[in-house]
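So the sequence lines, in the order shown, correspond to chains A and B.
Numbers 1 to 310, taken from the numbering used here, label the letters of the first sequence in order.
Numbers 311 to 637, taken from the numbering used here, label the letters of the second sequence in order.
What the hints contain is simulated information worked out from the structure, not anything from laboratory work.
All of these numbers come straight from a predicted model, not from anything done at the bench.
Treat the hints with caution; some may be incorrect.
What the hints assert, rightly or not - Below are the DSBU-like pairs computed for lysine-lysine, each with C-alpha atoms no more than 30 Å apart in a straight line:
id, chain 1, residue 1, chain 2, residue 2
1, B, Lys-347, B, Lys-636
2, A, Lys-285, B, Lys-540
3, A, Lys-112, A, Lys-71
4, A, Lys-158, A, Lys-112
5, B, Lys-540, A, Lys-71
6, A, Lys-266, A, Lys-181
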Amino acid sequence: MSSFITRTGSTRTGGSAGPPFQGRDSGPLRASCEVLQYRKIGTFHSLTFVSPEIADRAQPGQFVTIGVEGKHTVLRRPFSIYQVSRHGPWAGTVEIIFNATGEGTRWLTTRKKHDLVDLVGPLGTPFPIPRQNVTSLLVGSGYGTAPLLYLASVLQQKGLRADMVIGAPTADQIFNAIEAKRLSATTVFTTEDGSLGEEGVVTDTVARMLDTGRTGLVYASGPMTMLREISQLAMTHDVPVRVATEEAMACGTGVCQTCVLPVERKGQLFNLRSCVEGPVFNGAKVRWDAIGALPVMDLPDQDPDDWDEL
Amino acid sequence: MSEQTATREGTGRRRPRPPLRPADVDLRVQLGDMVLKNPIVTASGTFGSGQEIDRFFDVDRLGAVVVKSITLEPRAGLPTPRMAETASGMLNAIGLQNPGLQRWLRVDYPWMVERGIPIIASIAGRTIHEYRVVAEKLRGLPGIVAIEANISAPHVEDGGIAFSSREGPTHEVISTIMRVATVPVFAKLSPDVTDIVSIAHAASEAGATGVSVINTLLGMAIDVETRRPKLAAGTGGLSGPAIKPIAIRAVHQIHSVLPDLPIIGMGGARSVEDVVEFMLAGASAVAVGTATFANPMATLELVQQLPEWLAERGIRHARALTGGVKL
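Can you make the complete structure from the sequences, with help from the hints?
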């Protein structure tokens, strides 16, 4: 365990093992979770944890933060939830997909079955599920595809049609193509080198599919530049769009104000937190051009409860 | 520790002193006229006003919640990226983003009062007048047990550092707040000064009840590939375990010279041992900040673990730790 993130079980001096989780009967919780499986899926890493409570409470689009061990790390790492199982042989488990890009994620790739890992979640806003019978278009890139497959499985359970467009630079960076095909009505893959599906990037394909007029709602998950382009495409086609954003976070719980994005709500501009008001935002309301610029914030004369935008 | 000695000398020979139970440990601490039920408080800007962390546990179990700094007008804050992790610490440049005093009074304050949370209101401003106006608006509000004057926010445009870097301005802003405040006032000080004791002395002379030490240290990190600063603002405040020895030193120096000036100690505290260390250096209460980012339960765990730690050592009163370092 990191020297900075204490593990409740071992720091309790009473000798008891402590509660199975810390938190309330609903909402996010913290738990020391057993690793059930580590595996590689293509170029991606996958970890499955035992956490009946998080599995029970999670919805597509939400994320967990993990206390990673590192020489000098102090902060948790956020990961969107790939899938949860509530029934069957994998009941009560939560799976994440990630790339090993830094010290924390490399440590995660060395976790073995039965290791204990410190999870907090589920955090953030989920993808809204349409109440009407519309066809959704799910656009994913890289490991951003993972939460969309979770969303697709929920849409499928509700009998809602979903088309998917999944892009990556090369074929081996397309996440779980078989699962994508199983969960969607039509699936299009795009690769920049043409090694799988269409040669090019997702935006060309998405523009073509939106032209058909079949799509009633767009969901997107991937790099911020892609989310921006997909949001603009959806707006020009007058189709609602919801995006799962990825911003650098310190706390993941809403207290540090690190992960803010400029988002319009009821005609006012706010710096909203990706971890509480997001990570799923209305892509048409995110002021993509203002990210990283000197921020402006309107006088908030409304309460967050009034911000129901859907 | 004194109880231990007394018992041994008195009745210890005939029957061993019954072990102290954690439930019998008195965690109460007093800072001026402010009594807290335990010495664990939150560091301003790391806990909001408590609602977010209250999703995990009842935050009224903490000694007090020091809220994120309130300014008269809403602040949009600084551009992103606002954070960079560094060795055993992190840099942040948030720029006091907050929705302003009016909204805090309308939304956050009533919630805190309803939940019975002792409130330490952190206030910030660009001018002395702004501190004064905010302090005036907080006059006599039930539930607010103290004001923490954030006169050390690390960016000049936030106003803060301009005050706590020199004795004169520190005295001026604190004495202005003292004229209108109805509750104890703590001056939050920056360690980025030549002599923090002289600044603490100026705050004390101006009438401050006590001091909160330390705020973050100004730092910087550069991405060597892009050659750009990792923070959009260029520089930011360093927090976390990396700064703890500096914080302990600052608390100790101030307490040595001004032993009657109550201190809220902070800077990288995470474990029970850290809390005890701050108190031995001279703090009466300890604020936990970056540790909450790493673990939303961090503050509650300390409230739970501190009585166990003290009981195991036969220490009946947490307040007996303050200034207990042996030199």
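Hint-by-hint comparison with the structure:
| no. | hint | result |
| --- | --- | --- |
| 1 | B:Lys-347 - B:Lys-636 | holds, 26 Å |
| 2 | A:Lys-285 - B:Lys-540 | holds, 27 Å |
| 3 | A:Lys-112 - A:Lys-71 | holds, 19 Å |
| 4 | A:Lys-158 - A:Lys-112 | violated, 35 Å |
| 5 | B:Lys-540 - A:Lys-71 | holds, 20 Å |
| 6 | A:Lys-266 - A:Lys-181 | violated, 38 Å |
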